[in-house]
Amino acid sequence: MFTPLKRIISYGFKNFKRQPTLHIATIFILVISLSLFSSLLLFRSGINYTVAEIQKKIDVSVYLKKDAPQELVEEIKKGLTELDEVEKVEYVSEEEALEEFKERHKDDPLILESLQVIGENPFYPSFNIKARSPGQYAAILTLLERDKFKDAVLKVDYAKKQPLIEKIFKITSGLNLGGLLLTIFLGLVAVLVTFNTIRIAIKDASQEIAIMKLVGASNWYVRGPFIVQGVICGVLASIITFFLFFLLCYFSAPKIVALTGGFNIFAWFGSHALSLFVFQLGLGIGLSVLSCLIAIRKYLNI
Amino acid sequence: MIRFENITKIYPPNIVALEDVSFEIKKGEFVLIVGRSGAGKTTLIKLLLREEEPTGGRIFFEGKDIFSIPRKRLSSYRQKIGVIFQDYKLLSAKNVYENIAYAMEVMGACEAEIKRDVPKVLELVGLEDKAYNFPAELSGGEKQRTAIARALIVRPEVLVADEPTGNLDPYHTKDIIELLQKINSLGTTIILATHDRDIVNSLKKRVITLEKGKIIRDEEKGELLF
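Top to bottom, those sequences are chains B and U.
Using the working numbering, the letters of the first sequence map in sequence onto residues 1 to 302.
Using the working numbering, the letters of the second sequence map in sequence onto residues 1 to 226.
Simulated from the structure, these hints should not be mistaken for laboratory data.
Beta carbons: idealized from backbone N, C-alpha and C, even for Gly.
There's no promise every hint is true.
[As the list claims (entries may be wrong)] Between beta-carbon pairs, the in silico distance windows are: (1) B:184 x U:131: 49 to 57 Å; (2) U:166 x B:298: 26 to 34 Å; (3) U:214 x B:188: 52 to 60 Å; (4) U:26 x B:188: 22 to 30 Å; (5) B:207 x U:8: 21 to 29 Å.
[Claimed, not checked] Straight-line alpha carbon distances no greater than 25 Å define the calculated SDA-like cross-link-like pairs of lysine to any residue that follow: (6) U:80 x B:218; (7) U:94 x B:302; (8) U:72 x B:219; (9) B:6 x U:46; (10) B:6 x U:204; (11) B:57 x B:128; (12) B:14 x U:28; (13) U:94 x B:13; (14) U:64 x U:92; (15) B:130 x B:112; (16) B:88 x B:141; (17) B:203 x U:52; (18) B:150 x B:218; (19) U:204 x U:65.
Given only the sequences and the hints, what does the whole structure look like? Please build it.
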């Protein structure tokens with residue numbers, strides 16, 4: 001049992017050593033495929049980060065009447081909190097709004113002076129609502145359209161922000177969909193290119209496969225060394241790709257931070273290094289071994 | 001032991017390689033298959049190895065129709081037949097030693113057996129000093145002797161040789177033929193396809209003559225007439 005396995009592994013390594021050009025070409029193609037997949041992973045993380053950052057900046061304020069009954073205010077808050085679409089509801093009292101305004105304009109005496117001229121607090125209590133997705137504001141705000149809340153709600157600034165929110169929603173969902181389609185398309189290209197390279201390499205060995213079969217070798221005895229060669233190529237390709245990505249992330253980090261408004265690619269690489277390597281290793285070995293198994297099938301029918 | 005029953009092989013579009021060929025070879029026999037190039041000798045060997053399927057007819061090996069053997073068990077069947085191919089069929093990525101050892105490995109021989117037997121066979125065919133050369137570094141005759149060594153090493157029940165002396169000088173040819181005779185005397189069935197008149201006439205064995213895919217003569221102690 002172990003002797004054939006030992007021989008298969010040993011032949012795999014020997015063949016790898018004896019046909020360096022063929023294997024270097026396969027590794028090169030595998031590195032390209034793995035880089036493509038890893039770039040897509042990085043690209044999607046970057047997009048997700050940017051989209052989340054943009055979404056963080058969107059909220060809708062619901063201004064309440066100064067004399068709104070407390071229990072109604074509580075009821076609105078409860079109603080909003082209970083909605084699945086709502087991520088966060090924050091109540092800002094008129095005093096807090098005033099303090100915040102003062103803090104924001106503390107270096108502008110003219111504005112502070114004008115506040116004093118007004119005499120009373122010009123701000124209204126409000127709810128700051130953050131939805132889980134920018135597309136959900138309209139649904140959330142239908143809650144406030146109920147008749148009983150009319151005594152408490154003064155205005156909602158949604159109408160003013162609506163075009164902007166919808167535009168952002170469109171862009172972010174477009175980016176997500178585009179990223180997904182790009183991943184599928186380029187992923188398919190990578191798989192096909194790898195498969196084709198390995199197919200050609202195996203075709204090159206078809207004569208040898210036929211001889212092995214005619215000498216009386218079983219299918220697994222013929223297939224085995226090719227699988228070992230595939231594993232070696234996959235492992236080497238994933239190590240090379242991982243190292244290339246380390247360099248890429250290290251050197252491009254400052255530029256990417258500036259481009260995405262804070263996405264630190266090198267920090268991302270640091271926190272995902274292990275899973276990225278496991279992903280590349282699995283994909284590298286999987287792609288080459290699977291391509292090898294599919295490509296060798298027809299030559300074993302002798 | 002081996003029985004060809006109405007074997008016909010037609011290659012597309014309409015090239016008849018073998019037509020209604022029937023004969024039987026008994027265990028321990030030494031049979032020569034002779035005929036001009038294109039007479040169907042190699043096709044006959046390909047069919048016996050089940051490298052190809054016939055258009056019609058059946059081949060029996062030890063009473064069993066070889067075309068009914070499931071693919072999974074084909075390797076065990078082929079291990080019983082040692083073949084010296086006309087075009088050598090050596091594994092280019094393996095050296096002479098490994099090519100010969102490979103035939104033993106597929107049969108599950110252990111390392112000790114391989115280390116014991118391969119040098120002996122290499123000596124027998126006179127390739128001791130070429131053991132670590134690759135096929136690309138060998139002459140035609142050396143390749144042929146490697147192929148012979150690979151076929152011999154597994155001590156097959158049947159040894160099929162397709163023009164095994166085609167690339168050998170008379171000195172080596174004589175050696176190889178003597179070797180085949182010796183193996184035959186130990187009980188191995190030999191099928192030798194050749195068009196070398198000297199070999200055929202000196203051996204005085206059964207000769208099956210093929211012409212344009214048909215058996216035109218099958219005689220004991222036959223001679224090559226053309």
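Outcome of the hint check:
1. Checked against the given bound of 49 to 57 Å, the beta carbons of residue 184 (chain B) and residue 131 (chain U), roughly 53 Å apart, stay inside it.
2. Separated by about 31 Å at the C-beta atoms, residue 166 (chain U) and residue 298 (chain B) satisfy the suggested range of 26 to 34 Å.
3. Distance hint check for residue 214 (chain U) and residue 188 (chain B): the Cβ-Cβ separation is about 55 Å, which falls inside the suggested range of 52 to 60 Å.
4. For residue 26 (chain U) and residue 188 (chain B), the Cβ-Cβ distance of about 60 Å falls outside the hinted range of 22 to 30 Å, so the restraint is violated.
5. Remark: the range hint 21 to 29 Å for residue 207 (chain B) to residue 8 (chain U) is upheld by a beta-carbon distance near 28 Å.
6. With a C-alpha separation of about 14 Å, the suggested pairing of residue 80 (chain U) with residue 218 (chain B) holds against the 25 Å cut-off.
7. Proposed proximity of residue 94 (chain U) and residue 302 (chain B) is supported: the alpha carbons are some 21 Å apart, at most 25 Å.
8. Proposed proximity of residue 72 (chain U) and residue 219 (chain B) is supported: the alpha carbons are some 8 Å apart, at most 25 Å.
9. Distance check on the hinted pair: residue 6 (chain B) and residue 46 (chain U) sit about 32 Å apart at the alpha-carbon level, beyond 25 Å; violated.
10. Taking the CA atoms of residue 6 (chain B) and residue 204 (chain U), the gap is near 47 Å; set against the 25 Å cutoff, the hint is violated.
11. Distance restraint check for residue 57 (chain B) and residue 128 (chain B): the Cα-Cα separation of roughly 12 Å lies within the 25 Å cut-off, and the hinted pair is therefore satisfied.
12. A C-alpha spacing of about 39 Å is found between residue 14 (chain B) and residue 28 (chain U), which places the hinted pair above 25 Å, so the restraint is violated.
13. The straight-line distance between the Cα atoms of residue 94 (chain U) and residue 13 (chain B) is roughly 12 Å, inside the 25 Å bound, and the hint therefore holds.
14. Between the alpha carbons of residue 64 (chain U) and residue 92 (chain U) the distance comes to roughly 34 Å, so the proposed pair goes past 25 Å and is violated.
15. Straight-line distance between C-alpha atoms of residue 130 (chain B) and residue 112 (chain B) comes to about 29 Å, which puts the hinted pair past the 25 Å bound.
16. Between residue 88 (chain B) and residue 141 (chain B) the CA atoms are separated by roughly 14 Å; this keeps the pair inside 25 Å, and the hint holds.
17. Simply put, residue 203 (chain B) and residue 52 (chain U) have alpha-carbon atoms about 20 Å apart, close enough for the 25 Å limit, and the pair holds.
18. Distance hint between residue 150 (chain B) and residue 218 (chain B) is unfulfilled; the C-alpha atoms sit about 82 Å from each other, more than 25 Å.
19. The hinted pair formed by residue 204 (chain U) and residue 65 (chain U) fails the criterion: a straight-line CA distance of about 31 Å is larger than 25 Å.
Taken one by one, the earlier hints fail for this structure at numbers 4, 9, 10, 12, 14, 15, 18 and 19, listed in ascending order.
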